[in-house]
Amino acid sequence: MKAFSYERARSPQQAAAVVAANPEARFIAGGTNLIDLMKLQIEAPRHLVDVQDLDLHRIEAKEDGGLRIGALVSNTALATDERIRRDYGAVARAIMAGASGQLRNKATTAGNLLQRTRCPYFYDTAQRCNKRAPGSGCAAIEGFSRGLGVIGTSEHCIATYPGDMAVALRLFETVVETVDAEGAVRMIPLAEFHRLPGTTPERDTVLEQGEFITAVHLGPPPEGRQFYQKVRDRASYAFALVSVAALLRPDGTGRVAFGGVAPRPWRVEEAEELLPQGARAVTDRAFRDARPTAGNAFKLPLATRTLAYVMAQAKG
Amino acid sequence: MMKFDRPAERNPIDDQTVVGQPTSRIDGALKTTGQARYAYEQHDVVPDQTYGYLVGAGIARGRIRAIDSRAARDLPGVIEVITWENAGDVTYPGGGTPDYLAGPEIQHYHQAVALVVAESFEAARDGAFLLEISYDRAPGRYALPSLAEGDWPAPDEAREGLEPVDSDTVGDFEAAFAAAPVRIEQRYQTSHESHAMMEPHATIAHWADGRLTLWTATQMVGWAQRSLARLFGIEKSDVRVIAPYVGGGFGAKLAIQSDAVLAAMAARKVGRPVKVALTRPMVMNNTTHRSATLQRVRLGAERDGRLTAIAHQGISGNLAEGRHEPAVSQTKLLYAGANRLTAMHMAILDLPKASDMRAPGEAPGLMALEVAMDELAEALGMDPVELRIRNDTQSDPADPERPFSERHLVECLRTGAERFGWSERSTTPGTRRDGDWLLGMGMAAGYRDNLVRQSAARIRLEQDGSLTVETDMTDIGTGSYTILAQTAAEMLGVPLGRVAVRLGDSDFPLSVGSGGQWGANNATAGLYAACVRLRAMICEMLQMPEAEAQFADGAVTGAGRRVELAELVRDEAISAEDRIEYGDLDETHQQATFAAHFVEAAVNAWTGEVRLRRMLSVCDAGRILNPKTARSQVIGSMTMGIGSALMEELAVDAGAGFFVNHDLAGYEVPVHADLPEQEVIFLDHPDAFSSPMKAKGVGELGLCGVGAAIANALYNATGIRLREYPLTLDGMLERLPPLAPPGP
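Read top to bottom, the protein sequences are chains C and H. As numbered in our numbering, residues 3 to 318 make up the first sequence, in order. As numbered in our numbering, residues 79 to 822 make up the second sequence, in order.
Do not take every clue at face value.
To be verified - The calculated label-pair distances, taken between Cβ atoms and stated as ranges, are:
(1) H:Asp631 x C:Lys41: 54 to 60 Å
(2) H:Ala253 x C:Arg282: 48 to 54 Å
(3) C:Ala135 x H:Ser224: 32 to 38 Å
(4) C:Pro224 x H:Glu197: 57 to 63 Å
What the hints assert, rightly or not - For the chain C half of the interface with chain H, some residues (derived, Cβ under 10 Å), not all of them:
(5) Lys4
(6) Tyr125
(7) Ala142
(8) Arg148
(9) Pro191
(10) Tyr239
(11) Val244
(12) Pro278
(13) Leu304
(14) Thr306
(15) Val312
(16) Ala316
Since the hints were derived computationally from the structure, they do not count as laboratory data. Heads up, the beta-carbon is just placed ideally off N, CA and C, and yes, glycines get one too.
Extracted from the complex, chain C is given alone in its bound form:
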């Protein structure tokens, strides 16, 4: 951990201004990911702006029937909120399927969206990694890739987005609200929030330096049953090999997003239209452009079978 200076934010805009003016500054909230990365000097900010005291801890009803979730609402608070449990059950289940009770108490809604990949080569600073050290190469493509991405990847990076919550959030009209140094508010659809790596895998999201997440908006609760099915080798405290978030209506239509397979939650709307034809039709379309490695090709049949499992539960 490199030495850093520290301040407490006074307002979202003030925090944004500080970080925008200093490329070596970062926001810190729960710190459940950033501090680990700082210990390993994968992240080495020279200045931290602690945003935990900002008034962003509330979940508010919106006029359109949706919710505005403050950026600092903890994972635990979000997953146990009555409205979330009732109307957005996939989100509650996804959160509870991740991390541990202690981490969920500390981790925030915005921070969870910004969780960085768990690719083991990203974590080992002696290894090549374009996400950590741009231009150094990707050791994972030829290396141990069992947990890594099968689609949306590039020849520069095959890391996955590791989180669960964001996968479930893709089922809804989810929008990320940010503010910048000038106080300008931007509304970013979650679908566009996480970037694909292309030639610049070091950028995980479309956020600009200093752009600060203030809230996450959920659209009105949609019709249909909600599911979050997470598949992993051990029963708890593991990242998904594959996860499926699904919203399934009685008429066989619905929405589906996959986790553990791509650099961002993977939802393909053309594929969803094939839901009435069964799981295989959906995944054939959703993963049409997949480029798995020998080590992670199993994720493709696993995604199909996991979706089929969810669809069977919807019928049952």
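The hints should help you fit chain H onto chain C, whose structure is shown.
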């Protein structure tokens, strides 16, 4: 010295008023309240402590071209940067043990290349990141050979990079196998495993007047003392090793590691105490692991199930001159059968050093042999429990004149089958279901040798009539404190609460240490010897015939007198020290421990996820000194068995030559949610050949065979036979019930 060369007769331990009782750990409260201090927490034992941060090599093979430490040295708080160029003289052990500090040659990934010493941990770590290290890479060998069917090396055949290390034949295997009416021939793989004990390796080293004192995490105080004396060229008496509490080991702390050596080097260099703890990633590539194995098992049997031909061959990997994983050893002794062949080869690999991990040999070996037995039972159309019963032997199959001292495997099998409800198992795989889950039962036999080793202890009768036990024995979370206290209380007739136990200090008498499941039996036997001596001293003081003396309720009674022990002590405590040594009873008799493991597994028909529902282990391990701590050992072993069967694998990057998933996020060990109901049954068959305690080891037995029982349950659930551990869902997806309507 007490020589144990005849079977034990009746002795005070047989009373089992204290020994054999399920006493809670006497050190439990110290641990739950944070008062038991582990090596790295010994903040106040010596002033002026500095912090060392270890830097591991970023390549697996090659040479250090240069280490530029200027920026690190300029960092405020950094005191010194230790590298091979300035570390001072040490004599490395060699013989397959890599140098504790590399340079200029690099022998494996994360081999230590530097230790940054600073006034704070943070400064040391920052300094470590400022080192500029350049390397010349060299090619290396990182993967076990992939052998085509029929390409397996003959038992004593040497090939490039593949050395024959052990082979044994009885009768004529090939002829008997060819003639057998029922045959099984299969190959299996087990994975590289990390011990993943909770406390990483950690040490505080301090030099004063040419003497070295180490507070360190070690299973073997005596070995650590000897190794350090050799490394630094000083007398053993000039090294003191202190390890009162150790947070798990599983073999990882049998030998000293870089934390101890580099802390001692650095402390010598900077003239102040240095403390070093390895980070988890460093534990996995810098220290040792259990090697992966390839195994080939061939079994030939008569139609009635009697084995006529048994061959078990294996390959493990290690650095040149390292030791192999003896995965075929149990196959020499577990079942009857006139024609046998066992052989191990070692592949020379440039991975980190492979070494002992809980039940070395048996743990991976039984994961192959006991699946092969399941496959043979199926081929015979015979119940797997019955097949094992039919092949029981009461003597060494290679030497019928050499009996087992005590062997109750059949009782383990029958008891387990009865208690588990084995008769409810479907004999047709893939036919039991609970909703989306396929259910199956599996079982396996377990075997682990019982090892006898000399061990010493001291016992003191204090002025207040209490007892103090001192030995360099370690308690690595196993319960040593408690069973030693029970032994002393039993022998001297003193309440358990009046016995103090002091462990893990090389100033105390040399014990057997913790490893090889030898600790409990031998360390208590050493204390037994000391207690016998103390009883004799007391009887002599009182002129009381030993045969008449009864030690109970804090007093000795005999010859018409009753004397409180507290009254015996005048100015100075009465101290007795003794050592147990063994004759040839472990040669005339095969001493071993036995188990039967039963598992019920559920496999998700859609995703292939495996979740266990029930586990039972029935153990035959001599007298159980404390059923509570022994049970804790066995359920811990069963849990480790879940890990090795279902999830644990140090994944090798075969190009770069290192274990990639080197933290506890990537290297998955079971969590509570993975644990089903776990039941343990101990058979009570004291073994008079093992020691006066009539006890045997149990801490490793609990692991032996568990993985195979899980594999067999998984097969029974799905009809899918997986032979490469860990048995993850990848291997099952294409063979699970098809998705096409009407669905799984």
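Going through the hints against the structure:
Distance hint check: the CB atoms of Asp631 (chain H) and Lys41 (chain C) are about 57 Å apart, consistent with the given range 54 to 60 Å. Checked against the hint of 48 to 54 Å, the pair Ala253 (chain H) and Arg282 (chain C) passes, with Cβ atoms roughly 53 Å apart. A beta carbon spacing of about 33 Å between Ala135 (chain C) and Ser224 (chain H) agrees with the range 32 to 38 Å that was offered as a hint. In this structure, Pro224 (chain C) and Glu197 (chain H) meet the distance hint of 57 to 63 Å, their C-beta atoms being roughly 59 Å apart.
For Lys4 (chain C), the interface hint holds, since its Cβ comes within 10 Å of a Cβ in chain H; the closest pair sits about 6 Å apart. With a least beta-carbon distance of about 7 Å to chain H, the hint placing Tyr125 (chain C) at the interface is held under the 10 Å criterion. A hinted interface residue such as Ala142 (chain C) counts as satisfied when its beta carbon comes closer than 10 Å to some beta carbon of chain H; here the least separation is about 9 Å, so the hint holds. At a threshold of 10 Å, the smallest CB-CB gap from Arg148 (chain C) to chain H is about 7 Å, leaving the interface hint in force.
Here the hint on Pro191 (chain C) is broken, as its CB sits about 30 Å from the closest CB of chain H, past 10 Å. Interface restraint check for Tyr239 (chain C): the shortest CB-CB distance to chain H comes to about 5 Å, inside 10 Å, so the restraint holds. At its closest, the beta carbon of Val244 (chain C) sits 8 Å from a beta carbon of chain H; the interface hint therefore holds under the 10 Å criterion. Interface hint status for Pro278 (chain C): violated, as the beta-carbon distance to the closest one in chain H is roughly 14 Å, over 10 Å.
For Leu304 (chain C), the interface hint holds, the least distance from its beta-carbon to any beta-carbon of chain H being 6 Å, beneath 10 Å. For the restraint placing Thr306 (chain C) at the interface with chain H, the shortest Cβ-Cβ distance is roughly 7 Å, inside the 10 Å limit, so the hint holds. At a threshold of 10 Å, the smallest CB-CB gap from Val312 (chain C) to chain H is about 9 Å, leaving the interface hint in force. Evaluation of the Ala316 (chain C) hint against chain H yields a violated restraint, the C-beta minimum of about 12 Å exceeding 10 Å.
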